[in-house]
Amino acid sequence: MSCYFRNLLLYILLLLSTFQNAPAQSKGIIPDTLVLDQRWNYDHYTHLVVPTVNWLQSTPLNGDKELRSRHNNFLMFWLQKNEDVVVNMPEYLLRF
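Counting in this note's numbering, the sequence shown runs from 1 upward without gaps.
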């Protein structure tokens, strides 16, 4: 009987360690309910900008391409519509 419990305990420990090391499925930062449209104002979503940048930096480039594209689009739309942020490019970047 003790061999049975030992095997059962070993099996449970193996299952727990497998689930513990499994990568979590990330849904990203941007809510699914947010419709990305270039014509809209994104001032209500300013609080999501820094977490989105952090998420993009910590997520592998070859990960979920649809989710990365959604986050990239959100940042670009936010930058285009936000009047408080001015993005300048130095002249040496504009020369080809």
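Please keep in mind that the hints were generated in silico from the structure rather than gathered at the bench. Treat the hints with caution; some may be incorrect.
For lysine-lysine, the following DSBU-like pairs were computed, each having C-alpha atoms within a straight-line distance of at most 30 Å [said to hold, decoys possible]:
id, residue 1, residue 2
1, Lys65, Lys81
2, Lys27, Lys81
3, Lys65, Lys27
Results for each hint:
{"no.": "1", "hint": "Lys65 / Lys81", "verdict": "24 Å, holds"}
{"no.": "2", "hint": "Lys27 / Lys81", "verdict": "25 Å, holds"}
{"no.": "3", "hint": "Lys65 / Lys27", "verdict": "12 Å, holds"}
Checked against the numbered hints given earlier, the structure satisfies every one of them.
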